[in-house]
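Trainee: This is what each chain is made of:
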Amino acid sequence: MMTKAAVSKVRPGSAPKAGSSAGAVAVSIDASGLETRELNDRLRELLLSGAKRVEISHVCGQRYIGTRLYTPERHLMEIDIRGTAGNDLAAFLSGHKITVEGNAQDGVGNTMDSGEVVVRGRAGDVLGFSMRGGEIYVRDGCGYRAALHMKDCEGKRPVLVVGGGAQDFLGEYMAGGVVIILDRDGESHESSFMGTGMHGGVIYLRGTARVDQVGAQVEISPADEADRELIEEYVSRYLDRFPEVDMTKDEIMASPFVRLTPRSKRPYSGLYAY
Amino acid sequence: MRSFVFPEFEIIRDEERCGSCRGCERQCALGTHAYDPVADRLVSDDRKCAGCQRCVIFCPQKAIVVRPSPSFYRPNASWSREKIEDLKRQAETGGVLLTGCGSDKPFRIYWDHILLNASQVTNPSIDPLREPMELRTFLGRKPEMLEISREGKEVEIKTELYPNLTVETPILFSAMSFGAISYNAFKSLATAACRSGTYFNTGEGGLPREMRGEFGRCAIVQVASGRFGIDAEYLNVAQAVEIKVGQGAKPGIGGHLPGEKVSAAVAETRMIPQGTDAISPAPHHDIYSIEDLSTLITALKEATNYEKPISVKIAAVHNFAAIASGIVRAGADIIAIDGLRGGTGAAPKAIRDNVGIPTELAISSLDRRLREEGIRNRSSIIAAGGFRSSSDVIKAIALGADAVYIGSAALIAMGCTLCQKCYTGNCNWGICTQNPRLSGRLNVEIASQRLSNLISAWSHEIREMLGGMGINALESLRGNRDHLRGVGLYEWELDVLGIKGAGE
Chain F
1 MMTKAAVSKV RPGSAPKAGS SAGAVAVSID ASGLETRELN DRLRELLLSG AKRVEISHVC
61 GQRYIGTRLY TPERHLMEID IRGTAGNDLA AFLSGHKITV EGNAQDGVGN TMDSGEVVVR
121 GRAGDVLGFS MRGGEIYVRD GCGYRAALHM KDCEGKRPVL VVGGGAQDFL GEYMAGGVVI
181 ILDRDGESHE SSFMGTGMHG GVIYLRGTAR VDQVGAQVEI SPADEADREL IEEYVSRYLD
241 RFPEVDMTKD EIMASPFVRL TPRSKRPYSG LYAY
Chain Z
1 MRSFVFPEFE IIRDEERCGS CRGCERQCAL GTHAYDPVAD RLVSDDRKCA GCQRCVIFCP
61 QKAIVVRPSP SFYRPNASWS REKIEDLKRQ AETGGVLLTG CGSDKPFRIY WDHILLNASQ
121 VTNPSIDPLR EPMELRTFLG RKPEMLEISR EGKEVEIKTE LYPNLTVETP ILFSAMSFGA
181 ISYNAFKSLA TAACRSGTYF NTGEGGLPRE MRGEFGRCAI VQVASGRFGI DAEYLNVAQA
241 VEIKVGQGAK PGIGGHLPGE KVSAAVAETR MIPQGTDAIS PAPHHDIYSI EDLSTLITAL
301 KEATNYEKPI SVKIAAVHNF AAIASGIVRA GADIIAIDGL RGGTGAAPKA IRDNVGIPTE
361 LAISSLDRRL REEGIRNRSS IIAAGGFRSS SDVIKAIALG ADAVYIGSAA LIAMGCTLCQ
421 KCYTGNCNWG ICTQNPRLSG RLNVEIASQR LSNLISAWSH EIREMLGGMG INALESLRGN
481 RDHLRGVGLY EWELDVLGIK GAGE
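Protein chains in written order, with the UniProt record's numbering: chain F, 1 to 274; chain Z, 1 to 504.
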């Protein structure tokens, strides 16, 4: 069809391009002056020509990095971003591994399917929204509405680890997955409306949480042995990714943790006159 | 608590004809009919009857009649029987009234007040049996202009074209998710869409993996506020992606599939645990503005390599045309508007019957608004909500729609009788249920044939009506309000529709 031909003329298609410069396994892109779409065109071309590792320098707000990297053949690569990643980093991400040497803006890991995102800095609002697989590690804090409507299903459980604190509405409508907020600064969590409408999954907070900080559907309980084992495993992974963090695993684990879980898998049953 | 509500229906059994075969007992999942071995006869409990007529159609002896129960309260123009009984149900349960299907309230149906034109003497009519008639429709953004280069006999389009959906007739199946409807009903829609050169819409319940290879080529997949069943493959096997913001039957509110309906297969397709409520929040929590919507539209274009049109579906509400203008500017290639009579598997009755505006008025104001702003080419319009016949469809096209979505009409083709009990999950017709005993009643081959027959019949009728107007391509009728006239409408209604009164 005419339409198809014209489209593939300007967008990298699904077959590797002959004569592409990127035969090498590891390559770099200088993102200065590149529009979002141009940068993602380059990334896709590199993926299709077999690059396994790409370093992008001077990233300054370009969006959707990692989003256009799905292929039916499941080519995978590792991406190192230097600079500030723009909105929707790793949205719909399918298996790739992305590290940001810097901060990330809103929407990191939006509806992410699988893979790993590491942010050596801070992440903005709506972090891990509707994420349903893979892992996200944020060294410092994150903004509002993190982990909204995260979900899991058999054999696939997303994990979000945040080294700092989280703002209000953490885990709203949460339906699955694991969220660990390490609150490294040691200040108690001041966010409100945590877990409103929650009906699955679990949130672990280092420190404590008051009843007035969580939604009516949420139960607060101290983390038990099994919980602490799980937390410890992810704290180890967190520290592996951020060796610069000035706390040891034991120091982090020395604090109490609380667990936020939903009271019911069916928060709205009984609402209707059948 | 004893219920003070009348049975809705009355079951009349002709004992002479009844052979006590117990067929009705097996057909009714609501337990209306039961065999009394002592009396050797079937007895029916009117209270359990949903009025779906399954037992009536399947009774081999034609021994059953189900009709609205004739009991009445003292006649009262303000307190109708429905108002009294709804109130009683709420007094008995303290709950929100749920219902299914589109609104059944007597709002004006504008289709029935609009008449089509036909050619007489001049501009002769065309016989579609003899002449080619073009119904093929392209949905998606069109360029402002076409730059063409020509070298000798080689002609090339220089302008970058945008991805478009090609549909052979302007009728698509509206979003109905696997979970809301049964697997067999879902697969029947998919099968018929592929066979008839049109598309089905997955709704927000995902697309079962085993269907992706065969049916992706005629699928529009939805991304809704619950983000169920979405992975990169789901987005990429489809031909278009639709962001569902609103639905005509329940504008402004979310939805949830009750845990009872989340079977193992539904859970796997939605990618959630079995038995949990599948909750779709009222808004998308990553969309609080047109700019946010633009971000999601672009994210989906990125996720599909700019190869697929992105649609945004909204409910038609009071100021929606201004919002739609923003949606077009946000990058939507298609806008789907769902009007007042749009259907649903479950919605609060208060919302379904009181929120939104009629589809007919919505199509006209949206088309006009986008034309006035000079951006009509940037988005196609798919209208939804209450299309009952080919004449409704052709009138919608003349009012400015590019194509229509049919939901209830498609379900009726498969056997639905609009009993409005979809939310119980006990659909005796095997459509709106996850009970394998019930869904097994719907044969995919037969149901998809009925759907394809409907598409083919309506398409023929559209060709006939087009030919009668002296038009041989649907494209020439789009937004061509000169071919419409109103009867029995107020001035303001004619103005909103942009049509003249009959005889004018």
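Honestly, the hints are just simulated from the structure, not real lab data. Where hints are given, some of them may not hold.
[Said to hold, decoys possible] Taking lysine-lysine pairs in the DSBU-like style, the calculated list, with each CA pair at most 35 Å apart, reads:
id: 1; chain 1: Z; residue 1: Lys158; chain 2: Z; residue 2: Lys500
id: 2; chain 1: Z; residue 1: Lys500; chain 2: Z; residue 2: Lys62
id: 3; chain 1: Z; residue 1: Lys158; chain 2: Z; residue 2: Lys142
id: 4; chain 1: Z; residue 1: Lys142; chain 2: Z; residue 2: Lys83
id: 5; chain 1: Z; residue 1: Lys88; chain 2: F; residue 2: Lys265
id: 6; chain 1: F; residue 1: Lys265; chain 2: F; residue 2: Lys156
id: 7; chain 1: F; residue 1: Lys265; chain 2: F; residue 2: Lys97
id: 8; chain 1: Z; residue 1: Lys349; chain 2: F; residue 2: Lys265
id: 9; chain 1: F; residue 1: Lys97; chain 2: F; residue 2: Lys249
id: 10; chain 1: Z; residue 1: Lys500; chain 2: F; residue 2: Lys265
id: 11; chain 1: Z; residue 1: Lys158; chain 2: F; residue 2: Lys265
id: 12; chain 1: F; residue 1: Lys97; chain 2: F; residue 2: Lys156
Trainee: Each hint should be assessed against the structure and marked as holding or not.
Mentor: Each hint tested on the structure:
| no. | hint | in the structure |
| --- | --- | --- |
| 1 | Z:Lys158 - Z:Lys500 | 41 Å, violated |
| 2 | Z:Lys500 - Z:Lys62 | 49 Å, violated |
| 3 | Z:Lys158 - Z:Lys142 | 14 Å, holds |
| 4 | Z:Lys142 - Z:Lys83 | 49 Å, violated |
| 5 | Z:Lys88 - F:Lys265 | 30 Å, holds |
| 6 | F:Lys265 - F:Lys156 | 18 Å, holds |
| 7 | F:Lys265 - F:Lys97 | 32 Å, holds |
| 8 | Z:Lys349 - F:Lys265 | 25 Å, holds |
| 9 | F:Lys97 - F:Lys249 | 24 Å, holds |
| 10 | Z:Lys500 - F:Lys265 | 55 Å, violated |
| 11 | Z:Lys158 - F:Lys265 | 55 Å, violated |
| 12 | F:Lys97 - F:Lys156 | 17 Å, holds |
The structure fails hints 1, 2, 4, 10 and 11 (numbered hints given earlier, in ascending order).
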